[in-house]
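**Q** Chains as they are written, first to last, in our numbering: chain A, 748 to 1157; chain B, 748 to 1157.
No lab work stands behind these hints, which were simulated from the structure alone. One thing to keep in mind: the hints can contain errors.
Claimed, not checked - The following label-pair restraints were derived from C-beta to C-beta distances:
id	chain 1	residue 1	chain 2	residue 2	range
1	B	Pro913	A	Trp855	48 to 56 Å
2	A	Arg749	B	Asp939	44 to 52 Å
3	B	Ser943	A	Ala1062	57 to 65 Å
4	A	Arg749	B	Gly992	56 to 64 Å
5	B	Arg1121	A	Thr937	57 to 65 Å
6	A	Arg978	B	Tyr956	47 to 55 Å
7	A	Thr937	B	Glu1063	54 to 62 Å
8	A	Arg965	B	Tyr956	37 to 45 Å
9	B	Thr757	A	Ile1056	51 to 59 Å
10	B	Tyr956	A	Gly1088	44 to 52 Å
11	A	Asp920	B	Pro913	49 to 57 Å
Where is the CB? At the ideal position from N, CA and C, for every residue including glycine.
Protein chains: 2
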Amino acid sequence: MRAEILSVGTEIMLGEITDTNAAWLAGRLPAFGIDLLYVSQVGDNPGRMHEIFERAWGRSDLVIVTGGLGPTEDDITRETVAALLGEPLTVDAEQERIVRAWFEGRGWAFGERNLKQAMLIPSARAIVNPRGTAPGWWVERDGRVMVLMPGVPPEMYYMWETEVEPELERRADSVLVSRTLKTLGMGEGTVDETLSPLLAGTNPSIGIYARGDGVHARVSAKARTREEAWRLIEPVETEARRLLGPIVWGIDDDTLAGGVGRLLNERGLTVAVMESATGGAIADALTSVDGSAEYVRGSLVTYATETKILMGVPAEVIAAHGVISRETSEAMAQAARARLGADVGLGLTGIAGSETVEGQPPGTMHIAVTDGTRTAYTHSAFYQGRDASKRRAVTEALGLLRGFVMGQGA
Amino acid sequence: MRAEILSVGTEIMLGEITDTNAAWLAGRLPAFGIDLLYVSQVGDNPGRMHEIFERAWGRSDLVIVTGGLGPTEDDITRETVAALLGEPLTVDAEQERIVRAWFEGRGWAFGERNLKQAMLIPSARAIVNPRGTAPGWWVERDGRVMVLMPGVPPEMYYMWETEVEPELERRADSVLVSRTLKTLGMGEGTVDETLSPLLAGTNPSIGIYARGDGVHARVSAKARTREEAWRLIEPVETEARRLLGPIVWGIDDDTLAGGVGRLLNERGLTVAVMESATGGAIADALTSVDGSAEYVRGSLVTYATETKILMGVPAEVIAAHGVISRETSEAMAQAARARLGADVGLGLTGIAGSETVEGQPPGTMHIAVTDGTRTAYTHSAFYQGRDASKRRAVTEALGLLRGFVMGQGA
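Just chain A, same shape as in the assembly (with noise of 0.2 Å):
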């Protein structure tokens, strides 16, 4: 089956917002066996609209469509099709009931201007939207497809869960499922190397990647159901965990965060942090978490080096080795913990900006975690931005945690 995308709205066309609605859908699309050859952003003009809608439904078999369904007279998603398809545009009354319910359920004023939305032709079937007050369309004539989404992300994304993607799948030859093992603490080549035994494999196949977390082992298998997809991932995924062993940190939509905090959860221990160069962004990380209450005792984000010695640091240690060392990384660990009552310190101490301090260079990072009896440490400098330096060492800070609170309970 081949896919097309096009996303309507003026506001793409003048970089006011970025069109994330096609990204997100085109990695859906695999999952069932379609490909996406064509992606299209167009302003609320009706000529060039009606080029790319013309265009899109002559050569896809599923043109999908975002944007241009509100109830404004730039929004013209619905016209255009009709047009194109030279159907008439008529008020359904089903869907009149329901956009009026849904004002009168907030108890705004309904402007005869909404009934557009309520508006069908007949080779569109409404497709609910219980987020918003636009329904979709689900348009199916001469055998080819037409989905009409609002470009609103939540609403669309609901849409589509719900209502579009049990439909493609019913109608898939066949579907694709992936499972991604998120690792961390080996090289992309070591990953691909561990797996090599598996690697040969073509359904599950298995790719390898480097991402900003880690590296991600993803093995997809292609099936006539999802059921039967899943029943040839569930070996290979287990033989993959094994070859792995304690690098897997979580899967598919884990994050890094996450996976410490459940670990954390456990064996029942809590974590305090003293942060410095990433000023506060360890704690953001780890207090993302729902529940993130129950383990996190807190953070002393010690910018000043006059805070780490009121905090606890020693000012003999960062006499002797300097603020940014390993061993103040370690003081602050083991003052965290001490100050804030914890199980475990993390401390952190580097150069987030891009000068040199203390002969170290831009981006270094000294990161140690104790339970008091136990320290492991690390460190790094990679700088690319004051940004990118602070994230990279909040995914080493909480590598280097979930390392430290495996080795915990052997």
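Place chain B on chain A using the hints.
**A** Same frame as chain A, now just chain B:
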């Protein structure tokens, strides 16, 4: 001038990357009086690339292409353009020298396949790329222009700003220049009303936009040169600033954290934070600014209630008013200031998660600022998911801090 953007890359069609280049470029074109009419993405496929390039070259005065300039066999943007124009591809001696020097300078082996990056056609001149190996192309024939640039964003941005924009400016009949005034503390409607004496003008014109960091007023002027445009903007900007008064916290690319930092620096003040629900995000924002070590003492991320008490919040205050209360936020501001020896303390307590706590709805935030004498306070309840709640709270906290410090000097 009618422009069109083509983004090339199979990764885009698989949803592995979002095409942010098109949006970035789209946002730059209005400055040169250029209308963007079409944007398309296409994979590294010879047939479809030819189809799309041919159509673009036929209908647009300026075609901007990103991607497909790398050294691999998949990278066929040069080949596509050469075939479209019926011109021979040959290695350019000067470009070969530059590409070889790039490899030598890094001590990398030069593979012969990299020679393709040194190729040109008669209608193309090379655009230098100091950030990477692949030069761009400026193609000009029959009164039309096609610009080829690498898909890697930092390489493309640099090439566009240093090489392409000056050329477009030379050719433009007119340029559009904008100055954005960023405000906080008034709604969109009130800003609109305040600026109403200026809104009738058409050159400069003023647009008002609600954004995550407040309301923006954009003054735009069209003229033959940038200098002329700035001369038109200046009096209107001055008058807009006078009308808006102290709610203007920055211009153009300024961030709220940067604006607050500049203010603190000017007044010679230091700040310390105690934050709970934002989990370090306030400190992360404050320290995202180069030079923030001058005025940020640190932040105490007191996620657990016991941590708040350990760090100096009186247990009686929490017992009497609850953790999520105005009184606790004020005690946190006070404790941060005292504990870290700062001039100004900022305290925030609230609910980032989706639960109701102490009878207060998800997203509730209590924020206080104090200098030991004066105290300012605000609260809000905004919930659209954990992350959005945290981001919104950071904006409110920085806004409160800014207002407080402004008052400080009065």
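**Q** All the hints need checking, so say for each whether the structure fits it.
**A** Here is what the structure says about each hint:
1. Range check, B/Pro913 to A/Trp855: Cβ separation about 50 Å, and the 48 to 56 Å hint holds.
2. A/Arg749 and B/Asp939 have their C-beta atoms about 47 Å apart, which keeps the hinted 44 to 52 Å range intact.
3. A beta carbon spacing of about 59 Å between B/Ser943 and A/Ala1062 agrees with the range 57 to 65 Å that was offered as a hint.
4. Checked against the given bound of 56 to 64 Å, the beta carbons of A/Arg749 and B/Gly992, roughly 58 Å apart, stay inside it.
5. Our hint of 57 to 65 Å for B/Arg1121 and A/Thr937 holds, since their Cβ atoms are close to 58 Å apart.
6. As the Cβ distance of A/Arg978 to B/Tyr956 is approximately 52 Å, the hint placing it in 47 to 55 Å holds.
7. The beta-carbon spacing between A/Thr937 and B/Glu1063, approximately 56 Å, falls within the hinted interval of 54 to 62 Å.
8. The hinted window of 37 to 45 Å between A/Arg965 and B/Tyr956 holds, with their beta carbons roughly 40 Å apart.
9. A hinted range of 51 to 59 Å holds for the C-beta pair B/Thr757 and A/Ile1056, which are about 54 Å apart.
10. Checking the proposed 44 to 52 Å range against B/Tyr956 and A/Gly1088 shows it holds: the Cβ atoms sit about 47 Å from each other.
11. Checking the proposed 49 to 57 Å range against A/Asp920 and B/Pro913 shows it holds: the Cβ atoms sit about 53 Å from each other.
In the structure shown, no violation is registered for any of the earlier numbered hints.
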